[in-house]
Amino acid sequence: MTIANLCLNFASVSLSGGTVIKVGYRKYSAELLQELRDKFHETHIFRWGRQDDTIVDIPVVSDVEPLGNKVQEIDLAVAHWLWAPLLNAALIRAFAGRREIRRDYPVQILGHKSQNLISHERLPAWVLKRTQQEFTPRTIFDVNDKPRFGLLCDARVRHQLLGSCQDLLDLNVSIIGRYVLIDLPPRDKRVQPRSQLVGRIARIEGHDLVLEDCRPGYERVQAAQARLEGRAEIFDWCIDQLLGADAAPVIADAKRRAVEIHSGPGRLQAIQKVVTFLRTAGLQAVPGVNFEIGDLLGSSAPEFPAVETIPKPVLVFDPAGTRTSTWNEGGIKRHGPYDQRTFSPKKLNIAVICQARLEGQVDAFVAKFLDGMPDVLTGSGNNQKARYGDGFQRRFQLEKANVQTFTANGPTLDAYAAACNDALQKAADGDFKWDIALVQVEERFKGLPDALNPYFGTKALLLKNHVPVQSIRLETMKQSEGNLVFSMNQVSLASYAKLGGVPWLLAAEQKVAHELVVGLGSHVATDSRIGGGKRFVGITTVFSSDGSYLLSDRTNVVPFDEYAAALTETLKKTIIRVREEDNWRNTDRVRLIFHMFKPAKDVEAEAIKAAVEALDLEDVTYAFLHIAPSHPFLIFDLEQRGQPAWRPEKGVLGPSRGLHLKLSDTQSLVVFAGASELKHATDGLPRPCLLTLHRNSTFRDMTYLARQAFDFTGHSWRIMSPEPFPITIKYSDLIAERLAGLNQIEMWDNDAVRFRDIGRTLWFL
Amino acid sequence: MNVLDLKQGLTLHPSAFDALPVHVAAFCALMVRDERVRLAEFVQAGLVLDEQQRHYDVAASLGYALASGERAEVLVEGFRADAARHGGRKFFAPGRVPRFEVDGIALLGVAAGLATIEAKPAETQWLVNLLGQSETAVADDEWQLSLIRAATAVLTDRDWSKIPSIVLRVAAPYSMGFDVLEEDRQSAWAEITRLDVGDDEIVMLCAKRAVLDCAASVLAAMPVHGASVGELIKLLDGIGRSMSRWTYEVKQRVRGREPRKWHVDHEYHVQSMLWAVLAPIFPDLIDEEYLPSIGHKTPRYDLGVPSLRTIIEVKFMRDTGQSACAKIIEEVAADVSLYLHTDGRFDRIIAFIWDDCGQTEEYPKLITGLESIAGLEKAIIIPRPARMKKKA
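In order, the protein sequence lines correspond to chains X and E. Taking this note's numbering, the leading residue of the first sequence gets 1, the next gets one more, and so forth. Taking this note's numbering, the leading residue of the second sequence gets 1, the next gets one more, and so forth.
These are computed hints drawn from the structure, not numbers from a lab. The beta carbon of each residue, even a glycine, is placed where N, CA and C say it ideally should be. One should not assume that every hint holds.
What the hints assert, rightly or not - Cross-link-like lysine-lysine pairs, in silico, BS3-like; alpha carbons within 25 Å at most:
id, chain 1, residue 1, chain 2, residue 2
1, X, Lys572, E, Lys90
2, X, Lys446, X, Lys534
3, X, Lys446, X, Lys679
4, E, Lys90, X, Lys511
5, E, Lys90, X, Lys573
6, X, Lys679, X, Lys368
7, X, Lys39, X, Lys70
8, X, Lys312, X, Lys679
9, E, Lys251, E, Lys390
Unchecked claim - One-sided excerpt, in silico: chain X residues whose CB lies under 8 Å from chain E:
id, residue
10, Arg341
11, Val502
12, Glu581
Said to hold, decoys possible - Ranges of calculated distance between the beta carbons of each label pair, as one might list FRET restraints:
id, chain 1, residue 1, chain 2, residue 2, range
13, E, Pro164, X, Glu442, 44 to 54 Å
14, E, Gln44, X, Tyr704, 25 to 35 Å
15, E, Ala93, X, Thr666, 33 to 43 Å
16, X, Gln397, E, Ile233, 56 to 66 Å
17, E, Ala93, X, Pro724, 25 to 35 Å
18, E, Gln44, X, Thr326, 22 to 32 Å
19, E, Ala93, X, Pro265, 45 to 55 Å
20, X, Gln397, E, Ala93, 20 to 30 Å
Okay, chain E solo, but in the shape it has when bound (with noise of 0.2 Å):
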């Protein structure tokens, strides 16, 4: 198969989605990473509502929005509540027609959230409980038996071989941030091209084009595309080059047009910039993500890249002096120690540091600094132009 013909057929239309359950739609949103800004609208839709009026579906939404790596604290106390009060139900009660007990993507989105804010075995065992009994009530069927295994897999043991539908087995790691195995992958991407996606329902259509984004994204990672953690790194290097060419005009260059100056003023703005030259060769990247908390700290990171296993850390030297770069190198080494132990998809950290001071002269030591702490794959330090002049 053609694999834009592939994409195309997994490209879903915008109105797919208003006709879905609020937790179905957010798996689906969940799986297709451009549709990942919808999770905030179900959950600013779902925190609105009366507690009460939260049922099971709203907080499998919730639960896949902080899969997605959203982590406002009223969203994880919100979801927390939710779940308390829904693990507080008796399930599968003799004479009652079963419902959230069988409906795998709502047990899978509660599971995803529970994992996420990492409750604790108190908060989650009325969970894993229910998740045995629903595998025997579903067992006829394959693709609810996925999803109620992916979710006791990402409750418990992250051991996703079980998971019957090879979609899943990768589609459900691959969207909630955790590795996926290379020969799953490969089967995946095989089921995938190998049948007609037109007749799919929306949610099977949503798992495949995650298993398509998978297999893109290790694409990307790949020698030929020039996109191996190597040529990250040249590519990173590079920028000081290219601010040869940063639009600061003093003054007009084209007739009826003032002059524009792109301003650099803090680490946001060095972050757009590094977006704007990485995104296009890395399908993948993803910026600003919570990881899981440690202790009363949750930390998120700038950038990551994670079919390369690597986090773009982004500093603003704003002040000069030895006491500035020693400054830099204490909050690099405590950003690796954070980032690499609660996040197992990345293992190495780039430090990009704009200097607004031009202190070229440090620049040796500094980096030396840098690099000597394990796990630092690189530091690269771009001055700020001299034609940049700054504001006064």
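The following block holds chain X by itself, in its conformation from the complex (with noise of 0.2 Å):
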């Protein structure tokens, strides 16, 4: 990767002209704020001053005054932090009355109605399919750490249901068991009405709709004042019962124009035609005072931030540490896994659950995963490899594995119980135990109920009774053979990790004494979408030990509200437990990291630092750092063509795996999958990871930080390929998400997990 050709989506801001304003100040209450802001904004900012408790104004049109009872002169060009919102502001008044606002922060505009990307003559007018701008103002810092303001631009499309209830149902649409919004009027006139999810259709009464899983208050509503969400299965279902049969291709042609907007080149060309407009647009931040426009910043420009290519991480494959590589597939070809002279059994029994019908389409595919597919070559000219030639038994130096097939006599949760009771009445009948069961499962169980879904159903079943257990769905056995071969793979190492073997470590550059990584991943588990449903969070933790990370062998799982206690529990109990084991002393440099999917409060940060310094120790340092996919932020590479190099067809433009900006001493953007990455041409532009620091955070090295992140990313036992986020979370991620769905089966016991065996595996993955 060139990092010489780089862009980012920000463009540099500055103020000219007079800069010397007149703005009031008043007692801050936030009632007041708020009156002022629904009375004033198309004539005022305001800011609440935290450091005096204040509440400021500043008039932004002309022939107007500051309405605060005390008014002071200021000077705007060193007033950076009035330089958002009046830039906001500026925006709003620029596009109002000429383009569509959707949202006043970040600001959000739509494109033209008349550059609708799905059309068909017998689609009403109110189905839309069209882009979106959004506009967020930023600082961020140069190399030289001298900040830089300026605006993030991006695009992207939006669909848009307009049209009621009531003209669907004139239609014969059937809208029963859909969810519904309704507009709420918008506090800025400017600014479109505020879209409020309220419920699902249970019925339908005259031109009323009875809702069900619905906010208090709306159990009935007007069908003529209720819409469909736009969220994109429900825009295509609501085209497919429009159109029937016709529905496809014209759903196909709007995704295809989506696809072009969302891929690099054409995120760009709209992100450079809108910074265009506003350059010529006269953005003023107050009468006489204009915002200049930069172009996009690009890597050659002395403004952009620190940049850096994350080399990859080092994987270990034995414990002298001589064994290593850069590449985990390449490496356990090459020296076996990491315990391959301490894994016990060799001599594997595993049991095979599947539908009956499919017992051949099955057996045909164990047999691939445990002897390998030597003859599949994939690659073109003189670098065709086998992928998967060694097999799942040399590959992890096994010995003939012994495999007995057990079938359901259909896709029910019932039948699949059955067969798994055969399995263990099998193995209490011969004495022995299954090590692992393999189980076919079809991707049409994900619609199911989780309480009906067999894929949960085995897994609590076969957990309970101390067998792992590794779905593998029957879409996947069909694969053409040079898919299937990336498949096995995957399915391979994940079901190693989850016999309790140890593929390879993760090497640590070990600058202080003992460091733990405490990583949080959630998960939303209902059937309800009002009200957000039960979330349930996840735990993992990883430690450093003898120059490598180490999995914690307890993971946890608590619900939302628990989970600021339970963090701090499974951390005591994770440093007692390896403070014991590794002989730490009290004066040792302890170093504890927190990935978490959302930022931590102030109040959870010193709740830990308290419980942690209950446990003696005099020097811990802590580092909160939010993980977040979902930012204002984008990278383009500019030499980037596209992936693979011998036919280009997908991550144009993208950035590649690794690459860190640094954009300031407490953010860092990261790419944990680039254009290499991604699966599909139609995944569009690769986004980095923002990653932020908290401010009780005591280690505060972000370049540390930023690289040990990209680290766990390449350290996953569930897929070959990097994980989209660091371990940490994803593991969490999935522990919360398995859980949530086991709960939902009546024979599940968590305590399987919890308090056994088998709750030291990874049987998550």
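Please dock the two separately framed chains into a single complex, following the hints provided.
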């Protein structure tokens, strides 16, 4: 990757004109601030001055005075904290009356209806697929730590079903079971109404919709007042209902056009176009003071943030550390797994659970899985390789397994449970134990309620009986052999890990005596979408020891409300245990790093510190790191012509994995999955993750933290390709998701993974 | 196999060490005598680290350095502290991936270090226990098992016969200065000459190199090479004659070049002289090695030829008279009693005395006195040549 050819979706912004202006001050209260904004949003901007607890108001149109009871002059050129609200207000004024403004912060504007990406003569005009531009003011820091204010611009596609439910009913579309929105009046007339999800249609009575799983007060709404939400799958379903047999090509054509906009070149072009427009739009901060919009920031500009390519992490394949590789698949093929000398048992008992009608296909799949596919070569020219030529047994240095198949007489939970029971009975009668079960499932099971899903049902029954489960979708088994070899790589890796095997360790650059990295991930388990459903939080801990990172064998999952307490408790338990095992001394330096799916609250950070202080460790530092996939930053690599190089079709202009931009001392952008990691050309432009360090952190080396988070994405025992998040978060997500599903199964017993040996394995992969 | 080819095959490229973990590099350096100088570098790099950063691999590398003869106090104390810290750990903890526990090279390094500093049983018991568990864990891996059994042997009974790998059964004791059974040496020699060494991993390559050196040291001691103990004595005796050509120019011999005088001013100059004479003939010649401590005393001999089980102790007699001779006899007697008690590799000593005053009249009585000391094989006295006039 050529770092010199990067481009951020960030246009520098500066001020020109006489920047000394009058502003008003008054004492702050939240209610008053809201009231002022509601009343004067067209003429003033308001900010809460935290330092002196005041409301600051600035007139932004001509012939208007400050409202505050104390008026002072300030120089905008140095009052950088006011630039963002002023720019935001200027954008709203610039677009008001010209474009539909969907949101006021960050400002989102919609493309013209005339440029609808979906069209068909029988589609009503209120079915819209249109572009949306978003503008977020931000300050970043260049290589010399000098702040640079600017505007982040993004472009994407939004689906809208603006017709009412009554319109759909009039067109004979059955909408029962769908969630509906109502539009609430906006606070600012220049902005579109705010839509709010109110409930799911249970039935229709006259012109009214009777709702279930609804917000209080919305048990019944008029069909003419409600409309369907614009989620992509609802949108496509609606087109299908409206056009019937004609729908498929229309949907496909619209998707193709959306893909063009979401692609690197499409996005960059749209962003450049809107930046060009803004540069000539005469944006004013206040009368007489203009915003000057620069070009998109390129890596050749001195204002560009510090950038590096993080090297691939080193994986260790033997205890002495002499066998290492930066490529997991290559390393394991060359060296074998880390624990090959100590792994036991070498001769596995494998139960295969599948539907009776698919037994032949499944048997063939299992044979390929165990013995390999040496004749299937992938790649081109001289680079052709048998990616799964060795097979599970040889790759992990196992002996020939004892494999027995147990069939379910249908695709139901009960049928699968009966097959599992047969397998368990067989093991009990033969006085042996199944080391792992390979379970054939189907893609369509995902659409079933968790309580009826054979995927969760077999997992519940077998895990409870100490048998780890590797599920394989029928659709995977049916893949072309050229694709199947890659799936086999993943399945074999995850299976070995579930057996308790250790494929490799991640080398740690230990500059501090002891380091613990705690990851938090979450999953929302519910059939309800009102009230947020029940969110579970998973907790995974990794700690450094003897120059590598080890995964703590006890994970945890708790309801969201209890996570702060559970985090503290898990942390304490882990520290106490590792401290004893590694013979820590009280004076040893200890570093605690938290990878979080949400920003930590001050109170949570302080609670953790208080809990650790009670452990009598004298030298502890903390880093609370929020790892966010959603944020307004985009990186373009202008040299990236697409992947793979010999047939470029995906990830054009996408940044490469490992790219790290240090935006400030507390923020970094890191590309965990880049152009090469995209699966399909339709995946658009790969996005970096935004890493933000909480202010209460006492360990503040963002470069170290970014590199470590990156290393953890390459240390997954679930898939051979890098994870989109560090395993600390990804594993936590998986634990939360799996346990949420398992809890829906009547026969499940949480104690199986909390207290029994199966809980020490990576059962959740 | 041609021995030269074998030696070539067992010669490491210096860069081979760069990619190795420190304890593996230290093991290799111990095995290959020409590379032992690296151990001092590893010690320096290891001791610079904060104690908290010294993981087991660093401790093992310090252990190998100790086993090679390094004896700096800071090294001994640093290693002792590291071993104590690691000894307090909980090994094979349930649900935890073992690392140090199944890393044979690391276990051997720590064991070798503990054995060298003659750690008390209370300091070594944790490792003895761990080695028992480790042996079970790696039972199916012959090489790891061999390393672990070598660690047990060096730490306990010095019984190398339980090491399954014949290569390590010779390489480990030889490189740490212990006796090697002749039959093991022959078997190991047969093993390393039997197979192509090209595909060996570096660790095995180095162990084989130790076997080669071990075999070579025996060859060097064979009479056919003129290097038995008797031959050694003859060589040392002949040095007096060699001194007739010792460079000590009083006038210019080559135009444009200043006259040179190779002064012999102290004991180290004499040692260097002997090294120059003996090293080409005795490949296992070693100098200034520490021997295991006796109480507060850590003896260090001047030169040693393990293959002949012989130490050469050099003395520099600076003064004249009977009292000076008596002092030399006392010193040699003390050395003999220290050296032969503390190291099982040696059972005879040759005293080589440089008489800086040339008092040849005292020699018969002095030699009789010295050679009456039990364990002293021979006393050889070289008078300072008359032409080497002392500096004013």
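Structure-based check of each hint:
Annotation: proposed proximity of Lys572(X) to Lys90(E) holds, straight-line Cα distance about 18 Å (limit 25 Å). Our distance criterion of 25 Å between C-alpha atoms is met by Lys446(X) and Lys534(X), whose separation comes to about 19 Å. Between Lys446(X) and Lys679(X) the CA atoms are separated by roughly 21 Å; this keeps the pair inside 25 Å, and the hint holds. Using a Cα cut-off of 25 Å, the hinted pair Lys90(E) and Lys511(X) holds, with the two alpha carbons roughly 22 Å apart.
At most 25 Å may separate the alpha-carbon atoms for a hinted pair to count; Lys90(E) and Lys573(X) meet this at roughly 16 Å. Between the alpha carbons of Lys679(X) and Lys368(X) the distance comes to roughly 24 Å, so the proposed pair stays at or under 25 Å and holds. Restraint check for Lys39(X) and Lys70(X): satisfied, since their Cα atoms lie roughly 19 Å apart, inside the 25 Å limit. A distance of roughly 20 Å separates the Cα atoms of Lys312(X) and Lys679(X); the hinted pair therefore holds under the 25 Å criterion.
With a C-alpha separation of about 16 Å, the suggested pair Lys251(E) and Lys390(E) falls inside the 25 Å cut-off, and the hint holds. Interface restraint check for Arg341(X): the shortest CB-CB distance to chain E comes to about 4 Å, inside 8 Å, so the restraint holds. Residue-level restraint check for Val502(X) holds (minimum Cβ-Cβ distance to chain E is 5 Å; threshold 8 Å). With 8 Å as the threshold, the beta carbon of Glu581(X) comes within range of chain E, its nearest partner Cβ sitting at about 4 Å, so the hint holds.
Separated by about 52 Å at the C-beta atoms, Pro164(E) and Glu442(X) satisfy the suggested range of 44 to 54 Å. For the hinted restraint 25 to 35 Å between Gln44(E) and Tyr704(X), the CB-CB distance of approximately 26 Å keeps it satisfied. Between Ala93(E) and Thr666(X) the CB atoms are about 37 Å apart, so this pair conforms to the stated range of 33 to 43 Å. For the hinted restraint 56 to 66 Å between Gln397(X) and Ile233(E), the CB-CB distance of approximately 57 Å keeps it satisfied.
For Ala93(E) paired with Pro724(X), a C-beta distance near 32 Å keeps the hint of 25 to 35 Å intact. Between Gln44(E) and Thr326(X) the beta carbon distance is about 29 Å. The supplied range of 22 to 32 Å therefore holds. The hinted window of 45 to 55 Å between Ala93(E) and Pro265(X) holds, with their beta carbons roughly 54 Å apart. Checked against the hint of 20 to 30 Å, the C-beta distance between Gln397(X) and Ala93(E) comes to roughly 24 Å, which is consistent with it.
The structure fails none of the hints (numbered hints given earlier).
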